[in-house]
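So you can see what is in the structure, the chains are spelled out below.
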Amino acid sequence: MKLSKDEIRFIDTYLLNNDVVYVDIRQEMVDHIATAVEEKMKTNQNEFYPTFKEYMVLNKKEIMKNNKKQWSFSWEVVQQFLLFLFKPSMLVFGMLLFYFFKKVDVNPYFSERFTVNNLFFVLVITLALFQMGYVRWYLKKRFYTVEKAGNILMILYQLQLFFLPIFGKENVTVYTLTLFTFLFTGYGAYFLNEIIKFNRHRLNYI
Amino acid sequence: MKNSQLYKGSLTTIVMKLLEENGRMYGYEITQKVKEITKGELKITEGALYPALHKLEAEGVLEVEVQNVDNRLRKYYKLTEKGTTETVNRLAELEDFIRNMQTLVQPKLDY
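As you go down the protein sequences, you meet chains Z and Y in turn.
The opening residue of the first sequence carries number 1 in my numbering; numbering runs sequentially from there.
The opening residue of the second sequence carries number 1001 in my numbering; numbering runs sequentially from there.
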C-alpha cells in the first residue's frame, strides 16, 4: 500500500510545522515515516491518517532528535572541514602560501587605515554574502548540507580577531598570515566542494 | 535500542557490517534488517541511527545516493573505499572485544 503524493506532502508539511526547516533533513524523515506508515497500513489494514497519528504518537520524540536546528554547532562539520584541510592538495597549497609570504613581505601594504584584520573581515563578509545569496536567491530553500558550513566561518572570524593585531602598527608574522590565508581560502574551497557534492543530488530535492 | 549502553558503542560497526553485506541501504531498511536478524531483540531507534549515519558520512566512511522512490526521495547509504577497509578493522576490533568479554564473563578456571 503506497502513499499518494498528497499524503507525502501532508507528512512534509507536518514536519515543517514542527520546525524541521531544512529540506534535506526533512526528506529523510519523510521517507522514514512514510515507509513505516505504509507497512503499518498494510499490516493493520487501516487508513493513512489514523496510522500516521498512531505512529507519530509513539515515535515523534525519537524522530525529532534528527532535526538539526538553525545554526546548531556540529563537531561533524568541523571534523569534515579539518579532513578537507589535510588533503594532500591542500597541504601543498599551504606550503606554497608559506613560501610566498616568506619571499614577499606584505606588511607594507597594510596601514592603520586598512589592517590585515580589515582584509580578513572583507573576506568573511564576501564568503558569508555569497553563501546567503546562494541559499536565499538561487536555491530558495534551506538545506542543512549547504548551511552547515556557516559555523566554521564564524569560528574562523573569531579566531582571526583573537590572533591578528587590531592596529596596523604591529607586523603580522609569516606564520599567522599563512595560517589564516590557508584557513580562509581552505574554507572557500571546502564550501565550493560541498556545493558541487550537493549539486549532484540537487535536482532530486528541487 | 535495547540495553542501549551495551550496544551503543557497536552501532556504527553493525551499520557498516550491514552495508558491507547489502551494498546500499536506506535508514528504515537498516532498522528493520537489524530487527529481523535479531528476531526483534535489538531495535535501533531513529534518534540513534541517523546521527550515526551522518557522522559516518562526515568521516568519509559512507557516501549517499538520492533516488526518487514512491513519490518521495530516498537517501541510500553505501560504504566508500575507505569505509570498506574501516569495516574490516572495526569488525576485527569488535570480535576481539566479544572474545575478551566472553573470557571475563565465563572464565575458564584452572585448578
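It is worth saying that the hints were derived from the structure and are not from the lab.
Take these hints with a grain of salt, some might be off.
Stated by the list, open to error - Straight-line Cα separation of at most 35 Å, DSBU-like style, residue types lysine-lysine; simulated pairs: (1) K87(Z) with K2(Z); (2) K2(Z) with K1078(Y); (3) K42(Z) with K1017(Y); (4) K1075(Y) with K140(Z); (5) K2(Z) with K1035(Y); (6) K42(Z) with K1082(Y); (7) K53(Z) with K1033(Y); (8) K1075(Y) with K1008(Y); (9) K40(Z) with K65(Z); (10) K141(Z) with K1033(Y); (11) K1055(Y) with K1033(Y); (12) K87(Z) with K5(Z); (13) K1008(Y) with K1033(Y); (14) K1082(Y) with K1033(Y); (15) K1035(Y) with K87(Z); (16) K53(Z) with K1082(Y).
These figures come from a predicted structure and were not determined experimentally.
Subject >> Hints not upheld, ascending by number >> reply: 1, 6, 12, 15, 16
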